[in-house]
Each structure stands twice: as C-alpha cells, then as structure tokens.
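**Student:** In order, the protein sequence lines correspond to chains A and B.
Counting from 1, position 339 in the first sequence corresponds to residue 504 in our numbering; the numbering is continuous, with no gaps.
Counting from 1, position 332 in the second sequence corresponds to residue 497 in our numbering; the numbering is continuous, with no gaps.
Any given hint could turn out to be false.
Since the list gives no way to pick one copy over another, a pair counts as held whenever it fits inside one copy or between any two copies.
Straight-line C-alpha distance at most 25 Å; calculated DMTMM-like pairs for lysine to aspartate or glutamate [to be verified]:
id: 1; residue 1: Lys289; residue 2: Glu313
id: 2; residue 1: Lys451; residue 2: Glu321
id: 3; residue 1: Lys470; residue 2: Asp248
id: 4; residue 1: Lys508; residue 2: Glu477
id: 5; residue 1: Lys470; residue 2: Asp505
id: 6; residue 1: Lys349; residue 2: Asp462
id: 7; residue 1: Lys508; residue 2: Glu313
id: 8; residue 1: Lys349; residue 2: Glu269
id: 9; residue 1: Lys470; residue 2: Asp271
id: 10; residue 1: Lys289; residue 2: Asp273
id: 11; residue 1: Lys451; residue 2: Glu410
id: 12; residue 1: Lys470; residue 2: Glu498
id: 13; residue 1: Lys470; residue 2: Asp322
id: 14; residue 1: Lys368; residue 2: Asp310
id: 15; residue 1: Lys349; residue 2: Glu313
id: 16; residue 1: Lys451; residue 2: Asp440
id: 17; residue 1: Lys508; residue 2: Glu269
Treat the hints as calculated values from the structure; they're not laboratory data.
Number of protein chains: 2
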Amino acid sequence: MHIVITGGAGFLGARLARTLLAQGRLSLAGAPAQTIRRITLVDRAPPPADLAADPRVDAITGDLNAQLAGDGADGANGGVADDTVWREAHAIFHLAAAVSGECEADFDLGMRSNFAATHALLEKVRALGTRPVLVFSSSLAVFGDSPEQPLPQVIEDHTLPTPQTSYGIQKFIGEQLVADFTRKGFVRGRSVRLMTVSVRPGKPNGAASGFFSGMIREPLAGLPAACPVPDATPVAIASPARTVEGLVRAASASDAEWGPRTALNLPSLATTVGDMAAALERVAGKAATALLDRTPDAAIQRIVKTWPGHFETARARALGLAADESFEAVIREYVRENPDAVKLPGVA
Amino acid sequence: MHIVITGGAGFLGARLARTLLAQGRLSLAGAPAQTIRRITLVDRAPPPADLAADPRVDAITGDLNAQLAGDGADGANGGVADDTVWREAHAIFHLAAAVSGECEADFDLGMRSNFAATHALLEKVRALGTRPVLVFSSSLAVFGDSPEQPLPQVIEDHTLPTPQTSYGIQKFIGEQLVADFTRKGFVRGRSVRLMTVSVRPGKPNGAASGFFSGMIREPLAGLPAACPVPDATPVAIASPARTVEGLVRAASASDAEWGPRTALNLPSLATTVGDMAAALERVAGKAATALLDRTPDAAIQRIVKTWPGHFETARARALGLAADESFEAVIREYVRENPDAVKLPGVA
Chain A
166 MHIVITGGAG FLGARLARTL LAQGRLSLAG APAQTIRRIT LVDRAPPPAD LAADPRVDAI
226 TGDLNAQLAG DGADGANGGV ADDTVWREAH AIFHLAAAVS GECEADFDLG MRSNFAATHA
286 LLEKVRALGT RPVLVFSSSL AVFGDSPEQP LPQVIEDHTL PTPQTSYGIQ KFIGEQLVAD
346 FTRKGFVRGR SVRLMTVSVR PGKPNGAASG FFSGMIREPL AGLPAACPVP DATPVAIASP
406 ARTVEGLVRA ASASDAEWGP RTALNLPSLA TTVGDMAAAL ERVAGKAATA LLDRTPDAAI
466 QRIVKTWPGH FETARARALG LAADESFEAV IREYVRENPD AVKLPGVA
Chain B
166 MHIVITGGAG FLGARLARTL LAQGRLSLAG APAQTIRRIT LVDRAPPPAD LAADPRVDAI
226 TGDLNAQLAG DGADGANGGV ADDTVWREAH AIFHLAAAVS GECEADFDLG MRSNFAATHA
286 LLEKVRALGT RPVLVFSSSL AVFGDSPEQP LPQVIEDHTL PTPQTSYGIQ KFIGEQLVAD
346 FTRKGFVRGR SVRLMTVSVR PGKPNGAASG FFSGMIREPL AGLPAACPVP DATPVAIASP
406 ARTVEGLVRA ASASDAEWGP RTALNLPSLA TTVGDMAAAL ERVAGKAATA LLDRTPDAAI
466 QRIVKTWPGH FETARARALG LAADESFEAV IREYVRENPD AVKLPGVA
C-alpha cells in the first residue's frame, strides 16, 4: 500500500506518518489491513530526519499547487510531473493548508492554499480514475459565532456551519467538494473536522489558535508565552494523539460505518483557557504560569472568540473515537513525549 | 443607477428586468430608492424583443466566464474586455447558471458555469473595489435527502444543507464564497435560495424540476406533458412573481434587516404533484389532466425525491415576503399573464 500525506512534513503530517509506520499496516474503507510499503510526504519543507531515514518514506518538496499542475519537478523523486505519486496512491491524507491567522491576513494565500489546492487535488485523482481513499482535514473553524447568528451552546453533528473566517469558509468549501467528488465516485472521501490541537511541540505557526499550545509548551521550556485571551474563553481541545487517531479511523471506516458524506466533528475536551492554565500549574507549578503574558491581543481574540467550545460528537463516538480525559493528562502526555523540550526544574 | 443581471435573457432574469423597469426605481441595501438609468443583461442568448427595445436596456451576449476573463468581446456594446459594465454596476443579480439536470449529466459544465463563474464574478468586483450589492440566486437544491442523512420533516432557516446533486453542491459553495467576500467587504452579497418556480412560461429547460411547470403549461396549451413522478411527491413551489419579489427584496433590505450572511430560504407553498394536477383540473378541466403522461422517469425521480417539500421561513417572513396563497391561484395568474399560451377551450 502506498499512502500520500500532503503537509506531510508538518507536525500533524509527520506524527501521522510515524503512527502509520509504527503500525505497519492499514485498513482502508473497511477492507482487510494491508502492509504499508511506501509513504510519500508532500510538503514545502523537507521531512524530519527520522522520517527521511525510513526506507519506506519518500519526500516531494515544493508547492502543492505547482506539484498538482505538473510543474513542480523539484522533489527528491524527480517531482510529480508524471503523476506517478498520485497514480499509485491508495490513500491520500490531505493536511496541507494555510492556517487561520495567515488566511485572515492574506485572502489570496488562503484561497490558493486551501481552496484551489484542494480542488486541484480532487481534479487530479478524478482525472487518474484511481478512486483513492482521501481524508480531508477540515476544522472546527467552520463553526463561527456572530452577533447576527449566535452559535448554539453545544455543536452537534448536524449543526449548520456559519464560518466567520476565510479559513473556515475555505475548509467548508473543501468539505463540499470532497462530498460531491465522493458522491460522483471520483474519490472515496472522508472529511474530518479537527479540533484545536494542543499541545503541539516545536515552533509556533501562524494559526490564531497557536497560543493554545504555546501557553503550555513555552513555559515548560522555561520561556515566556503569550496567552492573549480571557480565562473564560472556551476551547474544544484534542491532543495530537487523539487527532491522529481520528484521521486514521476516517481512512479505515467502512462506508456503512462512516455514514453521511457530511464532515465528521472529531471528539474534543471542552475546557477554558483558565482551566488550561490551572492544569499547567498543577503539572509544573507557579513557576510555569508566572511565564504567561496575559496582554490581550484583539486580532487573535476576534478570531478565537467565534469558535465553539462545546461539541456533542455522537457520530465520532459510534466510530469508537473518544476525547482526551483531562487537559492535565494531555500536558503529562506532552511532557512524556517531549522530554528534551521540558526545561523547567521539577517537571517530569 | 446601473444594474447588471447575469442570465438576464432567461425567463427569471427577463422577468426581473421587466419588474425593475416597471418600478423605475430601486432601493439598495436600505438606501433611499434611486432611478434605474440602465440595466445590462449578460447572457449567452440575446434578450427578448420587448427588453431589447427599451432604451434603458443594454445586452452583452456571450459566455459569462469569457466575459469575466475579458476575452468575450462579442457583445452589443463591444464586450466587456474593458470591465466597464462591472465597474459601473451598483447592483448585480447573478442568476446565470447551468441547471440541475445538466450538472448531474455533465459534471464539468456545472463546475464551470456555477462554481468557476461565480468565483470569477466575485474576484472581478473585488479587483474593481466597487462593492456592489450582489444578489446570488441559490436554490432549495442545497437541501438533499439521503438514506444516510434524512432531511428533517420541515426545513428551517438554520437547517444544515446536505446537497445530493452537483448543482446543489455548486450553489452551496457559491453561497459560502458570497458570504466570505461580503464579510471581507469586497461586495455586499445576499444569497437567496429560490424554490421550485412554477408555472414557468416558454420552453422547457434542462432542469430536473422542469416538469413542475411543463405539467401545467403544456396541457393549458393543448399539448401532452410528462409528469414523471408519483402523486405524493412533495414540492416547495413559488410563482414567478413571488420569486422575483424575493430577489428584489434581497437587494433592497438593509444590512440589519438582512441579518446573517447565511443564504435566505425564500417562502414557498408546500404542495404535492397530485395536488398540482388536481388544481390544474379545477382550472382547466379533465381535458387538461388527460394530457399528462404519468410514465415514471427514474433519473428525474432520483434528483427530485432528494429535495424538501416543506419550509418554515421565519426570516423571509420578517422581511415581508410571503408564499403564494394556493397553487390554483398560481395557475390562474399564469393564465392571466400568458393568454397567448393558453389554447385549451374553456380556460380563461
């Protein structure tokens, strides 16, 4: 089996690749599990060293739109101008995207990276006629609260998305394209809406939600961190492990298990920024929370406050997916997985 | 004031133009009404003779995508390669579309006519920076019933669309684009979901819903007509007059009246095919219903049966919009408006 991961050098893509390589086999759309012989990571950036060293891993480095247009022949495998990588893919995890903050600041970037690239990818596999399983990473950002149209208290599987950001609109459009290309039989698509992923290791990205990880990661490293929204701000969190679990389950579920072509809300832990800070203090003491800079950032608040904090995800539960137990457990998992990134004395 | 109507030579576009010309003035987004000095009809087909003869009417004939790309210089005004028509538009009614049956049969046609053209139109006005009022005609076809995801009994303003046709998907994507281009301040967009329009005069089009008009229009003309779905088939009907009323109201409503950027479901009369036939018989006798050919058409049934028949349109009601009183009244209005098309003896 050959698997392609777009955005495969990013944090989630790389973690997904490691998870797939570790399990060695994957079931696609309810079929018996097969051995994973190759994973191709398509990304602007080269893959992390551990993945690059795995003989089962290929990398294609460059702009996804250019790759799909066939003029991106700068990859380690001579590029994909000949479509080989797409033609041979049994499953595609489409994670490549510009993030929320970037898309709000640069409308054209978002339309190109999230809207045009997703459309081009779908047209590519349609033209090839290979009908791969395609898992599309959408986002809770399709839900947006506004004064004219307040969100319900709890988001359910059938709640109407009313995106209040360009990122949310572009992801929601991607879901619609995946649904229709699937209905037409061009691809076997599954759209999953990722929750706010925390704690992300590594460097901050341009996402408006970035501080939800930074406010934990940086203090644990002994560094100051911005936490620019009020304590009461609700947030629907999922750990990296739970998030990757959702992506893999989307690929493996049979059509009957998966159900409608509407995107699936992944499970999330309903918490608040204040409770996250309290959990940080329980794990790492006052020395950690003393590093939080609570100066408000109006631009980030404006985006984040439109997102919902509470989900009731019956459909995901029926697929065997569950939320993290507590945010404290999420932090402890991060500490366990990233010992080198934890510098604050007394945390283990 | 200059108004552009895409699809302006079609039945609805022409009727909208006649209505606007008759009222002579239009209020845009709550502003005081102003005199309509020019209406430009953009369409593949030339406009009807009565409109072409009006000194306030211009016509640009050709493919909308080509017009927007600036290479459609085949219009009566020397084409729009210089963008003048778009630059001078205070309001744009975007009605041009490929219809449901066509889009199901020819996926690329639908993507080009409904998806790419709507996107190109929005990018055009964004580039010009003129912020016109843009009324986008979406459709009840964004709602689709399926075994995996049954529609609720009654569609409300916040019901989640789950389109089951490419046409429905493309219209729903158009709504999302209009919403985000509006939020960003590139255009003042309003999306309205048209109901099944009946009785359409003139010739049948490629819409799967075409028989909802044909089953009335053709018998009244003394001609046989297909009625290829069961009597119990529910349908949400609006007369041409009510439909145009909704389009005009969308343009004139202030932002506060309009409310959220989510598309507006226009009012509809909840009826059934059987009740429509019964109304025809009350107006035109058994001689009319005897002309109905009830041979089932599986392709049409497959599309039509996914559409909802019952709407509760609180938001439209608050805007002062109402459904037709009865389907019998709708037929009598058609007879009154189209005396030359009624040939069956004894109908007046």
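**Student:** Return the numbers of the hints above that this structure violates; sort them in rising order.
**Tutor:** Hints 1, 2, 3, 4, 5, 7, 11, 12, 14 and 17 are the ones this structure does not satisfy, whereas the remaining hints hold.
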